[in-house]
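Engineer: So you can see what is in the structure, the chains are spelled out below.
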Amino acid sequence: MSELSELHRDALGELFNLGVGRAAHSLSQMVRDEIELSAPFVDLIQAHEVSATLIGSEFRELSMVTIDFEGPFVSKAILLFPERNALAILSNMLDPELTPEELSEFEQEAMCEIGNVILNACMSALADEFGIELHGGLPEHYFSDTESLPIFADGAPEQLLLLLQIQLTMRQQLIQGHLVFLLGVGSLLDLRNCLDAYLDRLGMR
Amino acid sequence: MDIELGAQLIDSLRIGLILLDHRGCVVSWNGWMKRHSDLGLADVAGRQLAELFPEVSGSRLESSISDTLRFKLSSMLAPSLNPSLLPLYHRPTDRQRDQRMQQLIYVSPLRHDHCACLIQIHDMTSALRRERRLRAQSTRLIESSYQDPLTGVGNRRRFDQDLAQRFRQAKDRQRSIAMLMIDVDNFKAYNDHFGHQGGDACLIQVARTLRDGLRRDGDRVSRYGGEEFAILLTDTDGPSACAVAERLRLAVEQLDLPHPAAPGIGRVSVSIGIAAMVPTDEQLCYILVAQADLALYTAKDAGRNGCMWYDAESGVARPLPASKTS
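As you go down the protein sequences, you meet chains A and B in turn.
Residue numbers 7 to 211, in our numbering, belong to the letters of the first sequence in order.
Residue numbers 1446 to 1771, in our numbering, belong to the letters of the second sequence in order.
Rather than coming from a laboratory, the hints here were simulated on the basis of the structure.
Incorrect hints may appear among the rest.
Stated by the list, open to error - Chain A residues, not near chain B, derived (Cβ > 12 Å throughout):
| id | residue |
| --- | --- |
| 1 | Met36 |
| 2 | Asp74 |
| 3 | Asp151 |
| 4 | Ala203 |
Claimed, not checked - So, partial list: chain B residues that the calculated Cβ filter (under 7 Å) puts toward chain A:
| id | residue |
| --- | --- |
| 5 | Leu1458 |
| 6 | Leu1514 |
| 7 | Leu1518 |
| 8 | Ser1520 |
| 9 | Pro1532 |
Glycine included, every Cβ here is placed at the ideal spot set by N, Cα and C.
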């Protein structure tokens, strides 16, 4: 399933790193403390492979935020964190004194906003560099486990996923998560066209 | 829909609505906004939010608006992460006390010639207050569900949970755990003589004496049943547990509560069975209870107001080396 060349992937990796950098800046401002974010790997997989890929990385109980984007390409962007990693992020952002029970009461809305910040930063980096508009909806939060990821099951079987592993470091704590973009085949072509135009402009093709 | 009706609807909404143009200047400001900000459309029209409210400068709201205007992205701002962002007040009196409304804010793009950004503001003050109240209530309920209502010490549920947890820890760390099973002597006769209220008062005093007699943080007395109390002692071997038991037995005796119906000393006393072990992998926690129980009944048979410890090697209960001094 390599519909994206190595050059495409590298370019996407660069763009997402730019976005993730913006997200880190916004999050750092929110907590008034240094937060580092990096997105080292970009991978393209098929929808049915997602459980296997995520289970492989010890994800079971998930906390996820989704936003729908519409523009030259249509995508559902999803930020996935293992539940306990999500709680660790919130505990750092809200109040380390809160008990896990209290934290989980804040989880829905606070995770929604954190996901919103990270996903919007990534999409705005793409929109900025591609010179396009991406209409973004409001974020929604779900709890799920890897065996019943409803969002992936709903999609058409030929749907492709752009998978980015992201690492968030706050207060010396490393927290792993995944950034997933759900793309139809048509949208993948559109994304590739955007990437080609971007690479042309940089004189890299 | 005609414009007049549209305007009336917007003004009647129970949420704040702000429309911004492509430069981020206010185009529309509904009745709710006017009520809670004390500013009318005439005060705000054509101005940016950061001009109106200095606290918006450099905030998440400002960057969300800019994301919407530049990239058509939507944002939500949760009250827990952005407490009371805008100077909006639930009631006019709150303004005097500077108690801002807790706000949940949505910022989203519009596809329109003049209007580019819609801001919706929800008043979350009462929802958050309710949440806080419920949380305080549930904390109290959880506490009381583990408390014996009469004596205030732990109840059976508390004991069962402590036993499972502490026994497992002792097993994992291969440390000794001890249990004391304590029974008020001749309690039925006490009840018959003083009535149930007298019996209750006696249990309260005994429970308090046992609790006050424990010296380490984390050691806890629980009411096991009727007139029986149980204590788990972590990191405690047989001889240390026997010393604690003897101290508690003496403390109850020294309460000097008259018990005319009791044969012997004529005062309220307790019998205590002691068991201690470093649990092996195969052992279940109930074995500790069974051993302490056996030791308790041996102490009762031996004449009450005494302590007995379970000797695992011989499988029988034995008196403490220096027990029965009084």
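Engineer: If a hint holds in the structure, say so; if it does not, say that too.
Structural biologist: To see whether the hints hold, each was checked on the structure:
Annotated as non-interface, A/Met36 brings its C-beta within 12 Å of a C-beta of chain B; the closest such distance is 6 Å. The beta carbon of A/Asp74 is not kept farther than 12 Å from every beta carbon of chain B, the shortest such distance being approximately 10 Å. Against the 12 Å criterion, A/Asp151 stays outside the reach of chain B, whose nearest CB is about 24 Å from its own CB. At roughly 18 Å, the least C-beta separation between A/Ala203 and chain B is larger than 12 Å, which holds for a residue marked as non-interface.
Hint status for B/Leu1458: violated, given a least beta-carbon distance of 18 Å to chain A, over 7 Å. Annotation: interface hint on B/Leu1514 violated; nearest CB of chain A at approximately 11 Å, more than 7 Å. Against a cut-off of 7 Å between C-beta atoms, the interface hint on B/Leu1518 holds, since the closest Cβ of chain A lies about 4 Å away. Given hint, B/Ser1520 at the interface with chain A, holds; its Cβ is 5 Å from that chain's nearest Cβ, closer than 7 Å.
This hint is violated: B/Pro1532 has a C-beta 20 Å from the nearest C-beta of chain A, more than the 7 Å allowed.
Of the numbered hints given earlier, the model fails hints 1, 2, 5, 6, 9; all others are met.
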